[in-house]
Amino acid sequence: DQQVKQNSPSLSVQEGRISILNCDYTNSMFDYFLWYKKYPAEGPTFLISISSIKDKNEDGRFTVFLNKSAKHLSLHIVPSQPGDSAVYFCAAIGDSTNAGKSTFGDGTTLTVKP
Amino acid sequence: EAQVTQNPRYLITVTGKKLTVTCSQNMNHEYMSWYRQDPGLGLRQIYYSMNVEVTDKGDVPEGYKVSRKEKRNFPLILESPSPNQTSLYFCASSFSVGADTQYFGPGTRLTVL
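Line order of the protein sequences matches chains A and B. Residue numbering for the first sequence follows the working numbering, starting at 13 and increasing by one per position. Residue numbering for the second sequence follows the working numbering, starting at 30 and increasing by one per position.
These aren't lab readings, by the way, just hints derived from the structure by calculation. In this text the structure is predicted, and so the values were computed from the model without any measurement. Be careful, since some hints might not be right.
Unchecked claim - Sample of chain B residues lacking proximity to chain A, with all beta carbon distances greater than 12 angstroms (derived):
1) Leu48
2) Glu82
3) Leu117
4) Gly136
Unchecked claim - Covered by chain B, per the in silico footprint, the following chain A stretches (three or more residues, Cβ under 8 angstroms):
5) 50–60
6) 71–79
7) 114–121
Just so you know, even glycine gets a beta-carbon here, dropped at the ideal spot from N, CA and C.
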């Protein structure tokens, strides 16, 4: 049973517009949620995180929203830039019995067109 | 420069021949973890370590071993590799678990024939 799901394998947006990437989870005990960005032939790099006790976190062009009742989080990128084109992974960290466990979604490939 | 290094970056081997993928970090991080990534899938956690001499299974630990004898190193051992372990492997580290950023290595592409 996949506990973290990114249902959209790909997303294409125009430069300057908003990109919205979505992630759903099933385990209500997750402590933190993180977004990573990955370019080909490189390891993932951290973008932004949010604690399960918050509903929003913002860092520059990136904002993550958490809806605990819906078990849903989203990453907003405004404005989108061509350099944002990459694979984005949502990850959930820890629960009451396994603080060190990390569970990743399958990723969404974002393409930002000039 | 703060970094996570993995060696080798590429490896082609044969079924049953024991191998070790090394992982080292120079940031004095307590937490380290190994992941595998297969085509079209996200990263699946193999093993993680909260500190020296403390290791725990992730979601896909079968066929793998790890050790954490010192803080900076976290090798991944495949005692008897099989073709279904052909994958892209990433090592990561962070100061602690949770909101702390995990820094990832560049990846090791392993092919088991």
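Here is what the structure says about each hint:
Once the 12 angstroms rule is applied to beta carbons, B/Leu48 is consistent with being away from chain A; the minimum gap is 20 angstroms. Look at B/Glu82: its CB is around 14 angstroms from the nearest CB on chain A, clear of 12 angstroms, so calling it non-interface holds up. Residue-level check failed: B/Leu117 sits 10 angstroms from the nearest beta carbon of chain A, not beyond 12 angstroms. A Cβ of chain A approaches the Cβ of B/Gly136 within 12 angstroms, the least distance being about 6 angstroms, so the stated non-interface status is violated.
For the region 50–60 of chain A, the assignment as covered by chain B holds, since 6 residues bring a beta-carbon within under 8 angstroms of that chain's beta-carbons and 3 suffice. Counting residues of the region 71–79 of chain A whose C-beta sits closer than 8 angstroms to any C-beta of chain B gives 0, which falls short of three, so the coverage hint is violated. Residue count for the region 114–121 of chain A with a Cβ under 8 angstroms from a Cβ of chain B: 6. That meets the three needed, and the coverage hint holds.
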